[in-house]
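*Asks:* Chain by chain, the residues run as shown.
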Amino acid sequence: MSFEPNLVGFLCNWCSYTGADLAGTARIKYPPNLKVIRVMCSGRVDPNFILEALAHGADGVLVCGCHPGDCHYVEGNYKCQRRLPITRMLLGEMGIDPRRVRLEWVSASEGVRFGQVVSEFTEEIRSLGPLALQEWAFDAAAADAQLAHQGGDHA
Amino acid sequence: MPKVNMTVDGRPITVDEGSYVLQAAEALGIEIPTLCFFKYVKPYAACRICVVEAKNKRGRTRIVTACNYPASEGIEILTRTPRVMAARKLNLEMLMSRCAPMPVLTDLARKLGIDQPRWGTGTDMCILCGLCVRVCDEIVGAQAIGFASRGIERFVTTPFEVDSDACILCGACAALCPTGHIRMEEASDREVVHSEITLGPNAAISVPFRQAVPNAPRIDPEFCVHFRTGGCKVCASVCPKECISHDDVERFEEVEVGTVVLATGYQDFDPTPFKQYGYGRLPNVITSMEFERMNNAAGSTGGKILLENGKEPRAIAILHCIGSRDENAHPYCSRVCCMYALKFAHLVKEKTSAEVYQLYIDLRAFGKGYEEFFHRILEEGVNVIRGKGAEVVSAGRDCQEGSLIVRCEDTLAAKFREIPVDMVVLCTALEANRDAKDVARRFGISVGADGWFIERHPKLGPVSTTTDGIFLAGVCQSPKDIPDTVAQGSGAAAHAMSLMIRGEVEMDGAYAVIDDEVCSGCRLCNDLCPYSAIGFDETKKTSSVNPALCKACGTCAAGCPSGAIRALHFADDQIYAEIEGILS
Ligand SMILES: Cc1cc2nc3c(=O)[nH]c(=O)nc-3n(C[C@H](O)[C@H](O)[C@H](O)COP(=O)(O)OP(=O)(O)OC[C@H]3O[C@@H](n4cnc5c(N)ncnc54)[C@H](O)[C@@H]3O)c2cc1C
Ligand code: SF4
Ligand code: SF4
Ligand code: FES
Ligand code: FES
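Chains as they are written, first to last, in our numbering: chain Z, 278 to 432; chain E, 8 to 591.
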């Protein structure tokens, strides 16, 4: 059986969530891998949400907001646009492929586009394979021991 | 203004000093015949038909011209004495000896009791009243015509008797000429320009069309003489309420409102790029809007359906779906065209004896009574062909039946057809206004891919938008006919009223709060908020959110490095719980 990625989507309420709704009412076909969480604005997407989702077993995170200039809150999507690259940089440093986090603009009328974005993203993550965090899982006891050791050294 | 007392035919009257005897007589209802007098230009005393007897205080009597003889204290005017009547007759007979026996002269002659003018009649059409010259100079301000030569050779002409650039084609001279000597003539034989037909008269000042709101006349600077020459302003001088100002200019006014209903409608699809239909290239290929204007009874053709040569058409083809249901233009159905096309067919049948051909893809007669209307026009003998009009070409010279040929595939008869007609009406799509995106952005709402404004919910919120207090009505939301537009408009108005009638706005419980125990005072959030809802308390050195300004986007909550900001809905813990839930 091929790998089915587990994906989380943060969709802004005004454009992208409505766009996803439209994809549904228009009976547009796309993979069922994405699980959607609604937020009021893409600007609401705290980088912690993304990390938390990956930590809980998501293989990829998709953030969707209104097109530039169309944010219901004027410029929340610009804030998101600046935060996402930093989040991806951070992921890279942690050894996680930054392609696992993607930002896309989807307007309320772009049901078809929403379907395409989800299909593409699903395919991309499928090709990247599962996110194997366990392999280098944070060993709290070892870290404490190391800290204590270092502390001892420098004291 | 000083007044003077005088009498006309023994009846006393008080008038302004400096006014003329003719005006005093008119005020008393005493008729004095005139030929060269017009209220709005200076009197000229050329015809001498208005002569009266004036008796001054010393009892001296003189024959004077009433139109330019000033009223003075104690003067006695007699308008019907034998001497006056003889003088009028003489003056008219002398005029008639030079001029052709035109109605203005012969009618007056009959009134004055002249059977046969003593010196016969002449041939000249001009009575040299000078009305044309004076109106052109004093009112129009164009000074395009004047008198040339003297005495019996005198005549009216343009400078150097050549076509004058000074003439602005206003037609004032022709309108005032009492004999019809001056005429306005079409320079070309083209009589009807379909694209220029208006809903009302092509006048300089008029109510633009019957249903106009406000229903008041407006000046069209394109036609108004004043805006070309700086003269005229006759309308302003006759308006008793002094409403007319030629100096008025466009103003921008700010109005404070609590709610807005957007009803900005649509624009017509321009069929010019669809070369196969020949719009703009072939004569008598017109759009549905042009056809609609031509049918307006108050419009410039008086509601008549006319070809460019001014004749009634013998066969008309009505082509549906031009720009609608078309991958090359708009994929959607414009919804109103089928029904107005049937209405057009009915109008043609009612007003002319022309054959009508309807060329449709599908007939969408979906509304109450619409299918019945379709059956009615079938009974009226309209030819209904299932097949989209493919092409309109100009017919050969020897084609007897029409000047145009419409080609189509009749999909019911499974035949290719060529239909000779002399007029083609293109039922063009309704499309979103060019500026729909800008308008949407200004009001914080969304537009769909087709350019129509997006409602809050297709079933549950069809008149509201994602922005509180902004409502939608009519075609700006999607193509619809008048009954649907009115229904949506009424709904929008009711929604707006129900918000305003309360007099206060209920705020959402959702906003952001800052925990000032945790806030480090970095002020990062202050600039993040697009609504400037976050202020900084200089004494406490922490930031705080004004809940009345906060729109609950949550951007600040996502940005606070200390985690001091909590969104009251879509709160962090809710979202974390969701993440956990969907991934478990
Ligand atoms: C040829 C033709 C024939 C038709 N015949 C029929 C018929 O027989 N029966 C029927 O039911 N329907 C008919 N319709 C449809 C009918 O025209 C529409 O249903 C109706 O006009 C919609 O009204 P509306 O108020 O939404 O838009 P509109 O009538 O387009 O009115 C919108 C108004 O908003 C103004 N506006 C636009 N932008 C702005 C702005 N930014 N600021 C301020 N003002 C702005 C425009 O100038 C316009 O006056 C016909 C349509 C066409 C094209
Ligand atoms: S961003 Fe956070 S810490 Fe900084 S001022 Fe705003 S609430 Fe305080
Ligand atoms: S939630 Fe949005 S609107 Fe409210 S204070 Fe924060 S940034 Fe401003
Ligand atoms: S509301 Fe959609 S990105 Fe801000
Ligand atoms: S009207 Fe007075 S002279 Fe012609």
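Be a bit skeptical, because a hint or two may be false.
What the hints assert, rightly or not - Partial pick of chain E residues on the chain Z-facing surface, computed with a CB cut under 10 Å: (1) Phe373; (2) Ile461; (3) Thr474; (4) Met514; (5) Ala517.
Unchecked claim - Below, a list of computed lysine to any residue pairs in the SDA-like style, where the Cα atoms sit at most 25 Å apart: (6) Z:Lys312 to E:Ile589; (7) E:Lys466 to Z:Leu408; (8) Z:Lys306 to E:Lys466; (9) E:Lys466 to Z:Arg390; (10) E:Lys466 to Z:Asp374; (11) E:Lys487 to Z:Ser386; (12) Z:Lys312 to E:Val11; (13) E:Lys466 to Z:Ile305; (14) Z:Lys312 to E:Ala578; (15) Z:Lys312 to E:Asp580; (16) Z:Lys312 to E:His464.
To be verified - Among chain E residues calculated to face chain Z with C-beta under 10 Å, some are: (17) Cys242; (18) Ala243; (19) Val245; (20) Arg448; (21) Val454; (22) Ala456; (23) Asp457; (24) Pro465; (25) Glu545; (26) Gly566.
What the hints contain is simulated information worked out from the structure, not anything from laboratory work.
No residue lacks a Cβ here, since even glycine has one placed at the ideal position from N, Cα and C.
*Asks:* Determine for every hint whether it applies to the structure shown.
*Replies:* Here is what the structure says about each hint:
Of the supplied interface hints, the one on phenylalanine 373 (chain E) is violated, with its beta-carbon coming no nearer than about 21 Å to a beta-carbon of chain Z, more than 10 Å. Because the closest C-beta pair between isoleucine 461 (chain E) and chain Z is about 5 Å apart, less than 10 Å, the hint holds. At its closest, the beta carbon of threonine 474 (chain E) sits 8 Å from a beta carbon of chain Z; the interface hint therefore holds under the 10 Å criterion. Below 10 Å, beta-carbon pairs count as interface contacts, and methionine 514 (chain E) has none with chain Z, the closest being about 15 Å; its hint is therefore violated.
With a cut of 10 Å, the hint placing alanine 517 (chain E) at the interface with chain Z holds, because the nearest CB-to-CB distance is about 8 Å. Under the criterion of a C-alpha separation no larger than 25 Å, the hint pairing lysine 312 (chain Z) with isoleucine 589 (chain E) is consistent with the structure, at around 7 Å. Restraint check: the Cα-Cα separation between lysine 466 (chain E) and leucine 408 (chain Z) comes to about 41 Å, which exceeds 25 Å; the hinted pair is violated. For the proposed pair lysine 306 (chain Z) and lysine 466 (chain E), the alpha carbon gap of about 22 Å is at most 25 Å, so the pair holds.
A threshold of 25 Å between alpha carbons decides the hint, and for lysine 466 (chain E) with arginine 390 (chain Z) the separation of about 23 Å falls inside it, so the pair holds. A distance of roughly 42 Å separates the Cα atoms of lysine 466 (chain E) and aspartate 374 (chain Z); the hinted pair therefore is violated under the 25 Å criterion. For the given pair, lysine 487 (chain E) sits about 19 Å from serine 386 (chain Z) by alpha-carbon distance, which is consistent with the 25 Å threshold. A C-alpha spacing of about 97 Å is found between lysine 312 (chain Z) and valine 11 (chain E), which places the hinted pair above 25 Å, so the restraint is violated.
For a cut-off of 25 Å, the pair hint linking lysine 466 (chain E) to isoleucine 305 (chain Z) stands: about 19 Å separates their Cα positions. In summary, the hint linking lysine 312 (chain Z) to alanine 578 (chain E) is supported, as the alpha carbons are separated by about 19 Å, within the 25 Å threshold. For the hint pairing lysine 312 (chain Z) with aspartate 580 (chain E), the CA-to-CA distance comes to about 18 Å; that is within 25 Å, so the pair holds. Taken as a hint, the lysine 312 (chain Z) and histidine 464 (chain E) pair is honoured in the structure, with Cα atoms around 22 Å apart against an allowance of 25 Å.
A least Cβ separation of about 47 Å between cysteine 242 (chain E) and chain Z goes past the 10 Å threshold, and the interface hint is therefore violated. Given the 10 Å rule on beta carbons, the hint for alanine 243 (chain E) is violated: about 48 Å separates it from the nearest Cβ of chain Z. This hint is violated: valine 245 (chain E) has a C-beta 53 Å from the nearest C-beta of chain Z, more than the 10 Å allowed. With a cut of 10 Å, the hint placing arginine 448 (chain E) at the interface with chain Z holds, because the nearest CB-to-CB distance is about 7 Å.
Hint status for valine 454 (chain E) relative to chain Z: holds, with the closest Cβ pair at about 7 Å, below 10 Å. The closest approach between the C-beta of alanine 456 (chain E) and any C-beta of chain Z is roughly 5 Å, which is under the 10 Å cut-off, so the hint is satisfied. Residue-level restraint check for aspartate 457 (chain E) holds (minimum Cβ-Cβ distance to chain Z is 8 Å; threshold 10 Å). The restraint placing proline 465 (chain E) at the interface with chain Z holds, with a minimum CB-CB distance near 7 Å, inside the 10 Å limit.
A least Cβ separation of about 26 Å between glutamate 545 (chain E) and chain Z goes past the 10 Å threshold, and the interface hint is therefore violated. Among the interface hints, the one on glycine 566 (chain E) holds; its C-beta lies about 7 Å from the nearest C-beta in chain Z, closer than the 10 Å criterion.
Checked against the numbered hints given earlier, this structure breaks hints 1, 4, 7, 10, 12, 17, 18, 19 and 25; the rest are met.
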